[in-house]
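> Chains as they are written, first to last, in this note's numbering: chain W, 46 to 311; chain C, 7 to 238; chain E, 827 to 949.
I should point out that these hints are in silico values taken from the structure, not numbers from a laboratory. A few of these clues could be false.
Stated by the list, open to error - Listed next, the stretches of chain E that the computed footprint assigns to chain C, with coverage defined by at least 3 CB atoms under 8 Å from CB atoms of chain C:
no., stretch
1, 854 to 868
2, 874 to 888
3, 896 to 907
Quick reminder that beta carbons are idealized off the backbone N, C-alpha and C, glycines included.
One-letter residues, chain by chain:
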Amino acid sequence: MLGKLLKYEVKSTARIFLPLYASLLIFAVINNIFIRINGENNKLVISIISGISIAAYVFIIIAIFVFTLFVMIQRFYKNLLGDEGYLMFTLPVKTGENIITKLLASMMWVIISVIVTLLSIIIISYNDNIFISILNDLSKISLEINNVFGISGYLFFAEAFIAIIMTLATSILMVYASIATGQMLNRHKLLGAFGAYLAFNMIMQIIVSIIVVIASAIELNTVILMEYKNTIPHLIIIGIIFFNLTFTAIYYIITNLILSRRLNLE
Amino acid sequence: MNPILECKSLTKKYGNTGALSNIDLTIQRGRIVGLLGPNGSGKSTLIKLANGLLTPTGGEILINGSYPGIETKKIVSYLPERTYLNDWMSVKEVIDFFKDFYSNFKPDKAYEMLERLAINPNDKLKTLSKGTKEKVQLILVMSREADLYLLDEPIGGVDPAARDYILNTIINNYNEKAAVVISTHLIADIESVLDDVVFLANGKVALTESVDEIREKQGKSIDGLFREVFKC
Amino acid sequence: MGWKFKADRPIYTQLVEQIELRIVSGMYSPGSKLPSVRDLAAEASVNPNTMQKALAELEQNGLLYAQRTSGRYITEDEKMILKVKDTIALEEIKSFLQKMSELGFNSQDTIYLIESVAKEMTK
C-alpha cells in the first residue's frame with residue numbers, strides 16, 4: 046500500500062515541480078548562451094536581455110525552494126487534514142503509511158531540487174573541461190580533509206550526506222508533528238500548529254545546549270585529546286546523525302499517535 | 007449472523023460537550039436504515055466513528071465484530087457530506103485510484119453508471135459542477151461491493167431527477183449481505199426506500215423502529231412523526 | 827399505471843393493493859411472469875424487503891405462486907382473479923356510497939347522478 050500511496054503522492058506533486066525544473070534548466074541553457082555572446086559582444090541590448098534572463102533564472106531557483114517548502118507543508122495539511130482527509134483516512138492503509146508517504150515524497154523533492162539546481166549551475170558554467178575540473182576540485186578537498194582530520198575525505202562526504210538527510214527528516218517530521226498537534230484543537234488549529242512548532246524548537250534547543258554543556262564539561266586530558274583529534278569531527282557528525290535519528294523517531298511517533306487516536310477532521 | 011454495525015454504550019465527548027451519549031444500536035445486514043435527526047444530534051459523529059475517523063470516549067463501536075481499522079475499512083464504503091476527491095484528477099484517474107486501493111471496487115459498474123448519467127470519464131474533476139461531482143462520488147461509493155454503506159446526506163444538493171436516480175441506484179444495489187445507512191434530513195423523499203429508522207436527538211437514540219410499524223401504529227409517515235418528535 | 831403511495835399507511839399494504847389492481851385489470855396477465863423483486867422495487871422506488879413482504883402476502887392469498895428457480899408468476903385461476911376484482915370493486919362502491927350519504931345524498935339520488943355522469947362520459 047505504501048508504494049501505491051507514494052505513486053499518487055508523486056503524481057500529485059510532480060505537476061508543480063516538473064515544469065519548474067524544466068524552466069530552470071531551459072534558462073540555464075539560455076544563460077550559458079548569453080554568457081558566451083556577452084563575452085564576444087558588448088551591445089547594450091544584449092546585456093539587458095541577458096541581465097533579465099539571469100534574474101529570471103535566480104527567481105526560478107528561489108521559486109523552486111519556496112515551493113518545496115510550501116508543498117511539503119501544504120500536502121500534509123490539505124491532503125491529510127482537509128476535505129481530502131476523508132478519503133485518505135478511510136482507505137484501508139495504516140496511518141503510519143500515510144505519514145511516511147508524505148515524508149518520503151517531501152524529502153525526494155528537496156533532494157531532486159538540489160540536484161536540479163546543481164545541474165543548472167553546471168549547465169551555466171559549462172565548458173569543455175568542466176567535469177574534469179569538478180573531479181579535480183573534489184579530490185583536492187578530499188585530500189585536505191584527510192590532511193587536517195586524518196580521515197578519508199569520501200567517507201566524510203558520505204557521513205555528511207547521511208547527517209544532512211537525517212536533519213532533513215527531523216525538520217520535516219517536526220513540522221508534521223506540529224500540524225498534528227494543532228489539529229487536535231477545535232479552533233485556531235493553525236495557531237496551535239505554530240505554537241507546537243515553537244515549543245518543539247525550544248525543547249530541541251534546550252537539549253542541544255545540555256549536550257554541549259555536558260560535552261564541554263567532560264575534562265579531556267589534552268594528551269588524549271591530541272591523539273584522538275582526528276576522530277572528533279567524525280564523532281560530531283555521527284553524534285548529529287544519532288541525535289536526528291532519535292528526534293525523527295520521536296516526531297514520527299508523536300504524529301502517528303495523534304493521527305491514529307486523536308484525529309479531528311472538521 | 008454478526009450484525010454489521012453495533013454500538014455498545016458508545017459515547018463521544020469533545021471536551022465537556024457531549025456529541026453522543028451511551029448509544030446502543032444494532033444494524034443487521036440486508037437492511038436499509040435511515041439515520042435521522044436535527045443538526046447537531048450526532049449523526050455525522052456516529053458515522054465518523056464507524057469509519058475510524060474519530061475515536062470513542064467511552065463504550066465501543068464494532069463493524070462486523072471488529073473495531074474500526076484497516077480490515078473494517080475494506081468492507082465499509084463511505085460517502086461523506088463533502089467533496090473529498092483530488093481536484094486535479096480526471097474521473098478515470100479517480101476510478102483507477104479506487105481500483106488500486108479497494109479490491110472490491112468494480113470499475114465496470116462505475117463506468118456503466120457514468121455513461122447512464124452522461125458523465126465523461128476524461129473530464130477533470132475541477133471542471134465538473136458541484137452536483138456532478140457529488141454524483142461521481144456516489145457512483146464510486148456504490149461501485150464497491152461493501153458490507154456496509156454509510157451515506158451522509160446523499161441527496162442533499164441534487165436536483166429531483168438525480169435524486170430519483172440515486173434512490174434507484176441504492177435499491178438496485180441492494181443485496182442481503184450488505185446494510186445501507188442513510189443519514190439525511192430529507193426524510194419524505196427517502197421514506198419508501200427505508201426498512202428501519204433511527205432517530206437521534208441530543209446525542210441519544212430517541213427511537214428505533216421499522217418504517218411499516220411506525221406507519222401502522224402511529225398512522226402517520228416518518229416525516230410526520232419526525233416533525234412531531236422534534237417540534238421546535 | 828404508476829405507483830402512488832400515501833405517506834401515512836404502511837407501504838407494503840399499499841403495494842399489495844396496487845399489485846392486485848394490476849392483476850385484476852389485466853395489466854399483469856394470468857400466468858405471466860412477474861419481474862424480479864429487485865426490478866419491481868426499483869420500478870416502484872421502494873425498499874426491496876418491503877416489496878418482498880408484499881409479494882409474500884400475495885403468494886399467501888394465492889394471487890401469486892412461486893416456481894423455485896424461475897421466480898414468481900400470476901395465478902392462472904381466473905375465477906380467483908374475478909373474485910378479487912369484485913371484492914375491490916365492492917369496497918370502492920361501499921366507500922363511495924358512504925361518502926355520498928355523508929354529503930346528504932340518498933341512494934336513489936346517487937344512482938341517478940351516476941347514470942347522468944356515465945352518459946356524459948360516453949359522449
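> If a hint holds in the structure, say so; if it doesn't, say that too.
Tested hints:
Against chain C, the stretch 854 to 868 of chain E contributes 3 residues with a C-beta closer than 8 Å to a partner C-beta. That satisfies the three-residue criterion, and the hint holds. With 4 residues having a beta carbon nearer than 8 Å to a beta carbon of chain C, the stretch 874 to 888 of chain E meets the requirement of three or more and the stated coverage holds. Here's how the stretch 896 to 907 of chain E fares: 0 of its residues keep a CB closer than 8 Å to some CB of chain C, so the rule of at least three is not met and the hint is violated.
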